[in-house]
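For reference, the chains in residue letters:
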Amino acid sequence: MIGYILTIQEYYKIQGKFYSEFEFFNCIQDINDIWFLFLSDEDKFQIEDTEWSWILNLPEKEYISKPSPERPY
Amino acid sequence: MILASHGIIGSQIASFDADALAFFNRVTTAGGTLSTIEKQAVNQLVLDLKANGLWTPMKAIYPMVGASAAACAQNLKSSSFTGTFTSGWTFASSGVTPNGTSAYMNTNCLSNNVFTQGNAGFTVYRRTINVQNGNSKVDFGAASIGTALPIVYFKGRSGNGRFESGMWSYNTSQGAFVNTTNSQTIGFYQVHRTSNTLATGYNGGTSWITSTNSNTAYTPNIPVNIFLAAVNDATLGAVDFNDCQYAFASISDGLNSTQASNLYTAVQAFQTTLGRQV
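Residue numbers (the numbering used here), protein chains in the order written: chain A, 1 to 73; chain B, 1 to 278.
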């Protein structure tokens, strides 16, 4: 899955921030601890004329997930 | 006469249940819109739930209508537990679809506030599901380490690639989790704990698995909200992201077999009215 890659500064700028009343950015780290953001087509349309439009110009990369952590459930 | 002369016909003036109307107003206030058929379907769903004594046990009902985050975030049951969505969801008239990588819905429903020991239930209506090996994919989840292991989750699939519906367990040891292979992975799935020694999984309205492992009391050290399409792990954050399309989801008291069957009938009729039944 292709996603936008973020620097740590960019991550702190957007993580948990709301771009609509009911939607917020959620980033996730890949296997190399690089922060990724995945946006649906609707998300992209929503932010393209907003203060968050710079996200759409971030570089993109294929995401490789971390192994699932050990858990008792 | 005045109504007729102005082209307003009496049959066009809808009469909605008060709770349904309140939901419609919440959607509108939030900036969402509902079609006439969606309103009619939701109204009938409310009437059916009330007629079958199912309205009161519900804590949160997300009918996933309106094809927007604003509409789908609204709880049909009340103004409590309005949800929020992460980035990465797709909203359509057929339901809501997370990306399976980073997307979840925060129900803002705190597990240890809404549930009591031995009494809780979840349902989801899955319209699509993708075959993937790898990590587990959870429908509802909240996990926090306490004196025991308080976990509230309803798992759609296990990490070994098999389609399984795992049993929810409101705090217990590993032994209380019951998994089984079920080839039907789309449709209406329910899990209800109705006592400290009985949890039952339903495919549609039919019981297909039970767990009689004992539940024990616990004290969670970190209360957490219940997530839809992921587990909210108090230590790890959101994990086990799901990617199926949801056309309904609910959090409730534990329902008995009669209630579960009636709930399925009501929800299936709701989906059929909207043309999105599976």
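Treat the hints with care, since some could be wrong.
[To be verified] Chain B is faced by these chain A residues, among others (derived, beta-carbon under 8 Å):
(1) S20
(2) E23
(3) F24
(4) F38
(5) E42
(6) P59
[Stated by the list, open to error] Have a look at the derived ranges for each label pair, beta carbon to beta carbon:
(7) B:T28 <-> A:D41: 44 to 54 Å
(8) A:S68 <-> B:N108: 18 to 28 Å
(9) A:W54 <-> B:T265: 45 to 55 Å
(10) A:E70 <-> B:T28: 41 to 51 Å
(11) B:T206 <-> A:S53: 13 to 23 Å
(12) A:K17 <-> B:T212: 22 to 32 Å
(13) A:M1 <-> B:T272: 45 to 55 Å
Just so you know, these hints were derived from the structure itself, not from any lab. C-beta: ideal position from N, C-alpha, C; glycine also.
Hints and how they fare:
1. At about 6 Å, the closest approach between the beta carbon of S20 of chain A and any beta carbon in chain B falls short of 8 Å, and the interface hint on this residue holds.
2. For E23 of chain A, the interface hint holds, the least distance from its beta-carbon to any beta-carbon of chain B being 5 Å, beneath 8 Å.
3. Using the Cβ-Cβ criterion of 8 Å, the hint placing F24 of chain A at the interface with chain B is satisfied: the shortest such distance is roughly 6 Å.
4. Using the Cβ-Cβ criterion of 8 Å, the hint placing F38 of chain A at the interface with chain B is satisfied: the shortest such distance is roughly 5 Å.
5. Interface hint status for E42 of chain A: upheld, as the beta-carbon distance to the closest one in chain B is roughly 6 Å, under 8 Å.
6. Among the interface hints, the one on P59 of chain A is violated; its C-beta lies about 17 Å from the nearest C-beta in chain B, farther than the 8 Å criterion.
7. With their beta carbons about 25 Å apart, T28 of chain B and D41 of chain A fall outside the hinted range of 44 to 54 Å.
8. Checking the proposed 18 to 28 Å range against S68 of chain A and N108 of chain B shows it holds: the Cβ atoms sit about 26 Å from each other.
9. One distance hint, 45 to 55 Å for the beta-carbon pair W54 of chain A and T265 of chain B, holds here, with the actual separation near 50 Å.
10. E70 of chain A and T28 of chain B have their C-beta atoms about 46 Å apart, which keeps the hinted 41 to 51 Å range intact.
11. At about 50 Å, the CB distance of T206 of chain B to S53 of chain A disagrees with the hint of 13 to 23 Å.
12. Taking the beta carbon of each, K17 of chain A and T212 of chain B are about 46 Å apart, not inside 22 to 32 Å as hinted.
13. Judged by the Cβ atoms, the range 45 to 55 Å given for M1 of chain A and T272 of chain B is violated: they are separated by roughly 34 Å.
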